[in-house]
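Starting from the known structure of chain X, fit chain W onto it as the hints suggest.
For the record, the sequence lines run as chains X and W.
Note that my numbering has the first sequence beginning at 1, numbered continuously upward.
Note that my numbering has the second sequence beginning at 1001, numbered continuously upward.
Hints were generated in silico from the structure; no laboratory data involved.
Glycine included, every Cβ here is placed at the ideal spot set by N, Cα and C.
Warning: the hint list may mix true and false statements.
What follows is a list of derived Cβ distance ranges for each label pair [said to hold, decoys possible]:
no. : chain 1 : residue 1 : chain 2 : residue 2 : range
1   : W       : 1044      : X       : 187       : 48 to 54 angstroms
2   : X       : 137       : W       : 1063      : 32 to 38 angstroms
3   : W       : 1107      : X       : 140       : 17 to 23 angstroms
4   : X       : 32        : W       : 1053      : 36 to 42 angstroms
5   : X       : 187       : W       : 1131      : 24 to 30 angstroms
6   : X       : 59        : W       : 1065      : 21 to 27 angstroms
7   : W       : 1073      : X       : 74        : 14 to 20 angstroms
8   : X       : 58        : W       : 1106      : 33 to 39 angstroms
9   : W       : 1097      : X       : 95        : 36 to 42 angstroms
10  : X       : 88        : W       : 1097      : 22 to 28 angstroms
11  : W       : 1097      : X       : 29        : 22 to 28 angstroms
Under 10 angstroms between C-beta atoms, here's a sample of chain W residues computed to sit facing chain X [what the hints assert, rightly or not]:
no. : residue
12  : 1036
13  : 1075
14  : 1079
15  : 1090
16  : 1101
17  : 1123
18  : 1131
19  : 1139
20  : 1146
21  : 1154
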Amino acid sequence: MKNGRVFFAIFGLMLAGCSGTTVVLVPDASGKVGKVSVKTKAGEQMLSQAGESTTASSVDKAPTPGKVLDDTKIQKMFGVALANEPAPPLHYSINFQAGSAELLPDSKPLLMTVFAAIQARKSCDVSAIGHSDRVGDDRSNKGLSLKRAESVANVLKAIGLGDDCLDVRYYGESDPVIPTADGVAEPRNRRVEIEVR
Amino acid sequence: MKELLPLLFKNPRIAIFFAFISLAHLSAFADENYIGMVKTYQPVADIFHSGVKTPVDVGVKLYPGDTIITQAEAAVGIIFMDGSVLSLGPETRFEIVDFLFKPAERNVSFVSKVSQGTATFTSGAIGRISPESVKFITPTTTLGLHGTKILIEVK
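Bound-form chain W, shown alone:
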């Protein structure tokens, strides 16, 4: 690496090449920052990630800001990084508004939105460390969950 340093300064193309490699590493790192994973799936449902629609399947990873929309007779089961368990029923619209899980710094938050349909939720480590940090928003209510399992229906 030491011999490479002078080269970097002399040749901008090499510098750009290295910049690309480090960018590629950054995005690989981002992929490891998933916050939940699909565990059960009954078709048909889609995930909207940064506005892009991707099909749901078992093993698909989820990120903050993702929205999941299920069709008639569909269901999606998810386990989040803090061990909380979510199951969405048919014709449901669910959004992960905020998910922050840095327990060592006590920096945690789990806010989600159910705009339509049915959901079952069992809280995990975020609810255990900081019960006031687990919140659901629906069109008419705000839910503050102090452990552990709730069912939500939005018509």
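With the rest of the complex left out, here is chain X:
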């Protein structure tokens, strides 16, 4: 009976010894390194360097101090997940004239290129996301950005993209490439972004 208890105590310790969460911060596909905070009830560790890692073995213990892992170790831990990562989504931008949702003549060849990329990727998972600059009020800019997204969607569908493969969304003036004050005309913000997933 007593032996049994000792056995379970040791078994429990072994489990605790190999349990826990390890987090590693790595550069994304474009080389950018962000930040991640790892929190338990007992403390927090912020990771901000490429390859930096921390382990939290229990919710009542603070995460270990940041330690940079080499690629061999990262491959050993995450090799299968890393080898099966989907290719990052593709992004294209179609520009518009002030206050207009009409496609510019040079946008059509660009949309042909986009369609070719969709086919090459065999994707049925595409978004057309409309945006405006900050001329005019927020409400009318939402409408304008939706109309722009619909113009792009209509051409992609006319070229041959299936209706069920395309999602149309709009941000109005709330997600600019170049942030500006209200009322400012900014050609780079008058756009439809196409995301091919």
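Chain W alone, transformed into the frame defined by chain X:
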């Protein structure tokens, strides 16, 4: 349609028929509200959607609340509606706790849970619009991701 209206009132069966059609439209609409799609798959793995187990395959759509469980040597790669990219390694249990993506209203949230195994994650538009909205829960930690790519191992 105008001529049909009096009929609807006179004949409850027709009214019920129309109610069914509009319900069918509602569910078709729900299907378009998927939040992610499987892009890569190395067997064997399952998705649990509303408690129902369905096999994983490339092109399968995901919804909030879904859980994915991978077996030994398996992997599942997903791209979410906000462009974020997830890859799950072998013997992993992953749950989409909350996914809300209404960027025009700035109403966004992406909370997921890794209970076991390995995952790689690259954040997308939700992380760009609202970095504090991307969170991971593991048995011992809460992760707040401020861009862009992390690897998670839960033993």
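List, from low to high, the hint numbers that the structure doesn't satisfy. As far as the earlier hints go, not one is violated by this structure.
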